[in-house]
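Student: The whole structure should be built from the sequences, with the hints applied where relevant.
One letter stands for each residue in the lines below.
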Amino acid sequence: MAEINKPKGSPSIDMTPMVDLAFLLVTFFMLAATFRTDEPVEVSIPSSIGDKEIPEKTLVLVTVDKGGRVFFSCTGEEVRKKVLTQMAAKYKVPLSEDNVKEFVRITSIGCSMSQLPQYLSLDGEGRKKFPTETGIPSDSLHNELKDWINFANREMLDYGKKMFEEESAKQGKNAAPLKPDDYKPKFVLKAAMDAEYVRVKNVIETFRDLNLNNLNFVTSQEAAPVVK
Amino acid sequence: MAELAQDDGGGKKGGKKRPKKGPARIDMTPMVDLGFLLLTFFVLTSTFAKPKVMSLVYPAKDPDIPEQPKQDQLVNNAITFIVSDGRLFYYKGEFYPEGNTKGKPATVLTETDFGPTGIRKLLADENKFVLRKKTELDGKLQRKQISDSIYKKQMIEAKKDKEALKVLVKTDMKAKTKNFIDVIDELYIASIGVIAPVDIMNSEQALLDKTLNK
Chain C
358 MAEINKPKGS PSIDMTPMVD LAFLLVTFFM LAATFRTDEP VEVSIPSSIG DKEIPEKTLV
418 LVTVDKGGRV FFSCTGEEVR KKVLTQMAAK YKVPLSEDNV KEFVRITSIG CSMSQLPQYL
478 SLDGEGRKKF PTETGIPSDS LHNELKDWIN FANREMLDYG KKMFEEESAK QGKNAAPLKP
538 DDYKPKFVLK AAMDAEYVRV KNVIETFRDL NLNNLNFVTS QEAAPVVK
Chain H
11 MAELAQDDGG GKKGGKKRPK KGPARIDMTP MVDLGFLLLT FFVLTSTFAK PKVMSLVYPA
71 KDPDIPEQPK QDQLVNNAIT FIVSDGRLFY YKGEFYPEGN TKGKPATVLT ETDFGPTGIR
131 KLLADENKFV LRKKTELDGK LQRKQISDSI YKKQMIEAKK DKEALKVLVK TDMKAKTKNF
191 IDVIDELYIA SIGVIAPVDI MNSEQALLDK TLNK
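As you go down the protein sequences, you meet chains C and H in turn. This note's numbering numbers the first residue of the first sequence as 358 and each following residue consecutively. This note's numbering numbers the first residue of the second sequence as 11 and each following residue consecutively.
In case anyone wonders, no lab produced these hints; they're calculated from the structure. All C-beta atoms in this analysis are idealised placements derived from N, C-alpha and C, irrespective of residue type, glycine included. Be aware that a few hints might be false.
To list a few chain H residues with every Cβ distance to chain C over 12 Å, as calculated [claimed, not checked]:
hint	residue
1	64
2	87
3	117
4	184
5	203
Within a straight-line C-alpha distance of at most 16 Å, the following computed EDC-like cross-link-like pairs (lysine to aspartate or glutamate) qualify [said to hold, decoys possible]:
hint	chain 1	residue 1	chain 2	residue 2
6	H	188	C	579
7	H	60	C	579
8	H	71	C	566
To spell it out: a stretch of chain H is covered by chain C in this simulated footprint if at least three of its residues, at any positions, have a beta carbon under 8 Å from a beta carbon of chain C; those stretches are [claimed, not checked]:
hint	stretch
9	35-45
10	186-200
Tutor: Rendered as structure tokens:
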């Protein structure tokens with residue numbers, strides 16, 4: 358009878374190449390990636406040939422999700438704090454210290470001013486499930502969005518100016534001069550592909566009422582076709 | 011050193027047996043685990059393709075600016091798109107309702123689509139003036155006859171020319187955002203300079219309803 362060779366002990370595999378590969382990928386992702394921000398809504402955006410970058414420094418973002426709910430966000434801790442304080446004063450909503458801190462930390466908000474303290478006391482998951490039909494009220498009778506945008510615009514202008522001066526001072530003499538336009542507030546509209554356009558239009562009209570006519574739509578880029 | 015010293019002192023053959031000194035084996039499993047854990051984390055939390063933006067300048071709402079002269083310009087060489095839920099209609103020139111006093115034939119809405127054979131072809135045909143100019147300027151730019159800034163300036167001039175096509179975009183209540191963005195996108199592709207997203211008129215809405223119900 359043929360003898361069967363029983364394997365002795367557990368076979369050991371040389372794992373070094375696998376480890377190499379894994380760490381190579383880790384390094385790549387660490388360096389190349391930017392983190393996804395935790396937005397209260399996910400919206401699928403339409404595509405266009407637009408190729409401008411989203412302004413990161415001075416961004417005022419209004420999101421309209423597919424149900425037509427409106428969300429507001431802007432960049433800059435300082436700006437956010439000031440905007441919130443002014444909004445709270447205008448609508449006489451008492452906000453605790455924690456509420457303000459939370460507001461500065463998170464991204465978009467989507468509720469009326471009266472709901473804000475409750476909204477801010479929730480965690481990220483809770484905010485995603487927050488029952489709201491309209492998000493930030495933006496109809497002509499009760500337009501809180503207009504105030505948000507207005508305050509954010511004003512604060513962002515100041516903040517941008519300050520940042521421009523600071524960064525210009527830091528620059529060496531030989532460096533190319535910074536463009537002041539890059540530090541002006543940019544108004545970006547992130548509208549879901551299947552949102553009713555009437556809702557988006559309503560937001561656009563709000564911007565236009567404030568005489569902010571240069572709007573940017575967030576789109577995913579597609580290659581421009583050649584027109585003959 | 012230690013080995014040498016032992017050899018000298020021992021002298022006996024086949025003395026103390028020492029474990030074979032092969033290459034040291036390290037169990038790498040925990041490291042691999044950690045590596046893949048990190049990898050998974052970074053893969054899931056990162057975003058690569060940053061979305062871009064498409065800018066659109068709206069006309070100012072300021073009531074002080076008189077709109078009359080602009081209107082006159084528009085009618086000469088204008089096309090109006092009316093967007094409904096997934097459907098797209100257009101008419102050229104001015105709008106004439108049925109039984110108008112000027113005695114012009116009533117405007118009829120023509121349906122087109124969002125694809126390359128629909129709106130894109132239509133705009134390419136209508137906006138020949140600018141597109142021809144663009145090809146000319148592109149060629150000059152490639153041959154380095156003009157600089158980048160001059161190219162941009164001339165493109166803007168061409169787009170503002172009287173011959174250039176002006177486009178009005180109107181939406182009804184059922185239009186989706188995607189439809190609107192698609193139209194604006196096509197306008198950019200066709201190098202349309204004057205884009206006016208405006209409110210739909212009652213008479214146009216009535217005509218649209220009639221066309222949709224056909």
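Student: Can you give the numbers of the hints that this structure goes against, from lowest to highest?
Tutor: 1, 4
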